[in-house]
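Trainee: Chains as they are written, first to last, in the working numbering: chain U, 8 to 137; chain F, 22 to 167.
Hints are computed from structural coordinates only; laboratory data are not their basis.
Fair warning: this is a prediction, and the values are worked out from it, not measured in the lab.
Please note that the accuracy of each hint is not assured.
Below, a list of computed lysine to any residue pairs in the SDA-like style, where the Cα atoms sit at most 20 Å apart [to be verified]:
no., chain 1, residue 1, chain 2, residue 2
1, F, 42, F, 70
2, U, 107, F, 92
3, U, 84, F, 112
4, F, 31, F, 126
5, U, 50, F, 104
6, U, 21, F, 53
Derived CB-CB ranges, DEER-like [stated by the list, open to error]:
no., chain 1, residue 1, chain 2, residue 2, range
7, U, 53, F, 114, 13 to 21 Å
8, U, 129, F, 102, 24 to 32 Å
9, U, 113, F, 30, 47 to 55 Å
10, U, 12, F, 165, 40 to 48 Å
11, U, 10, F, 71, 27 to 35 Å
12, F, 103, U, 39, 15 to 23 Å
13, F, 23, U, 10, 33 to 41 Å
14, F, 93, U, 108, 25 to 33 Å
15, F, 68, U, 47, 42 to 50 Å
16, U, 27, F, 134, 16 to 24 Å
17, F, 138, U, 98, 25 to 33 Å
18, U, 53, F, 131, 39 to 47 Å
Quick look at which bits of chain U chain F covers, simulated, 3 or more residues with Cβ under 8 Å [claimed, not checked]:
no., region
19, 67 to 75
20, 82 to 89
21, 95 to 105
Beta carbons are placed, not taken as given, at the ideal position from N, Cα and C, and that holds for glycine.
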Amino acid sequence: MADLNAGDSIPELKVTPDKYLPHRYAGASGDFNPIHIDPEFAKAVGLPSTILHGLYMMGLVARAATDAAGGDPRALKRLSVQFRGMGAPETEIVVSGEVKSVEDGVAVVDVVAAQGENQTIRNAEAEVQI
Amino acid sequence: MTLKTGAVGKEWPASTYEVGKEKIGEYARVVGLDNPVHFDREAARAAGFRDVVAPPMFAVVFSSPAVGPAMFDDEVGMNFAAMVHGGQEFEWGEPACSGDEITTTAKCLDISEKDGKGFYIFETNAVNQNGDQVVRGTWTLIVRGV
C-alpha cells in the first residue's frame, strides 16, 4: 500500500524512446498512422519528422501513476489526459505529478509529461487506489 | 462551413477481441513495464488475477477497433487531414486477462464547434465474457478549420 498525501510529488519517470520505438508501439497497439513511422510522410504533412503516438505517452503517464500507487495494475481506476505538444523520438520524456487530494483510499494525481519545455500531455488527472 | 451533427447519439456494431498472453507482453515491453503479472501466468495467478493481466492502457488495443469505424463513418464526416487526438479518458473496472473475450461498443456522444474547431466526442464501452465492465473510454478528436 502506497503512502500518498495531498501535496506529495510522485516519483519522476524518465524515458528516452529510441528511433524505432514508434514502430514497436505501432505493432503493439495496431496504430500504423504514417505520421508516426514514416519521416517522409510526416514532413510532407508539415511535421518536423515522425512524432510519438499520444497514446504511447499516455501509457507512460499510466505507468508513472501505477508505480506511484505501488505498481499493482488494479490501482489505476481512471486516467484523463489532454494531448498538446507533439512528442519526438530520441528525446527524453519526463513524467511528473503531484497528489491533489486523497479521499476514501483514492488519490487524485495531477500529471504532466514533457520533453524539455514542451508539455506533450497536460491537465492529466489520475485516480489511483492506495 | 456548418458542422454536421446528425451522428450524435449514433451507435456502431460491437467489435470483439480475444486477449492473448503474448500480445499483452508485447504491449507491456513497449511501454517499459516489467511487472511479472504482465508476462508470467504463475506470477499473475499468485497476485490474484485469473491469468496474465493486461496493463490498463492495453485498453487501446481492444477499444480502437470499435472506435475506428465510428471515426471513419461518412455520417460523422470528419476531415482526417486536419484531425488531432485532443484528449482521452479511461475508467477501468475488471482487469483484462489473457483468454478474455472482450466486446466493445462505440457511440458518438457529441459534435460541437468552438473557435473554428470541431470537437468530436466518442465513447467506447468494453465488457468481458462474464458481462463485467472492463473499461469505458472517452475519445476527444479535434478538427481544425471547420
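Trainee: Taking the numbered hints from earlier one at a time, note which ones the structure violates and give those numbers from smallest to largest.
Mentor: 2, 7, 9, 13, 14, 16, 18, 21
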